[in-house]
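Top to bottom, those sequences are chains A and B.
Residue numbers for the first sequence follow the numbering used here, beginning at 31 and rising by one.
Residue numbers for the second sequence follow the numbering used here, beginning at 31 and rising by one.
Calculated from the structure, these hints are not laboratory results.
Incorrect hints may appear among the rest.
As the list claims (entries may be wrong) - Which residues of chain A face chain B? A few of them, derived with a C-beta cut under 10 Å, are: (1) Leu75; (2) Asn80; (3) Asp92; (4) Ala127; (5) Gly130.
All C-beta atoms, glycine included, are put in the ideal place defined by N, C-alpha and C.
In case you want the letters, here they are:
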Amino acid sequence: DVQLVESGGGLVQPGGSLRLSCAASGFTFGKSWMTWVRQAPGRGLEWVANIKDDGSWTFYVDSVKGRFTISKDNARNSLYLQMSSLRADDTAVYYCAVWGDGWGFDYWGQGTLVTVSS
Amino acid sequence: QSALTQPRSVSGSPGQSVTISCTGTSSDVGAYNYVSWYQHYPGKAPKLMIYEVNKRPSGVPDRFSGSKSGNTASLIISGLQGEDEADYYCCSAAGDYTMVFGGGTKLTVL
Chain A
31 DVQLVESGGG
41 LVQPGGSLRL
51 SCAASGFTFG
61 KSWMTWVRQA
71 PGRGLEWVAN
81 IKDDGSWTFY
91 VDSVKGRFTI
101 SKDNARNSLY
111 LQMSSLRADD
121 TAVYYCAVWG
131 DGWGFDYWGQ
141 GTLVTVSS
Chain B
31 QSALTQPRSV
41 SGSPGQSVTI
51 SCTGTSSDVG
61 AYNYVSWYQH
71 YPGKAPKLMI
81 YEVNKRPSGV
91 PDRFSGSKSG
101 NTASLIISGL
111 QGEDEADYYC
121 CSAAGDYTMV
131 FGGGTKLTVL
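With these hints in hand, go ahead and build the complete structure from the sequences.
As structure tokens, then:
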């Protein structure tokens, strides 16, 4: 079975940094494009970033460009999201997901909560 | 990268059909046949219900179907069941390997 387990969330002060991880199993991670999606409290889903299977291409929503970096370690079957210069409006549950061939997000993790507050 | 427009809520009685619309622009929904739909129970992981406008992943009941006309995509749920009560989100390719979600629709089964 496909499993995606996010970790690394927590409370961070505005302007701070945090690195999220997503441990993947049950599928060929090295051949999979991956994504991060977030949901702010009381709000809808928001696409954050995509990464190509080999990690060579990355794509971001405008609001996080220059502050967030998506990466993957295919040897460790792990996806990451390095977040810096965090703002209150980055507060959200962050989900990792598999971006399938049909451009749908086929499998999702349970999410990890990031709270940006002083 | 503006969010796609969905109705905030829809409702229907068991056995009825409901349609959830998702309106974008000629740069996203209108430009690509890469519209997907997700079912989301609060506190749970979202679930892919439809991809490429009208394709169903294995295991998704055929009560769920999708369509698209111009800049508007639709999710149709027929034979409503109580377990269908959830939030539903559309998502579209938006160029340069970026994606955009709709604001979400809360489905209530009366």
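Legend entry - Non-conforming hints, listed in increasing numerical order: Violated hints: none; all satisfied.
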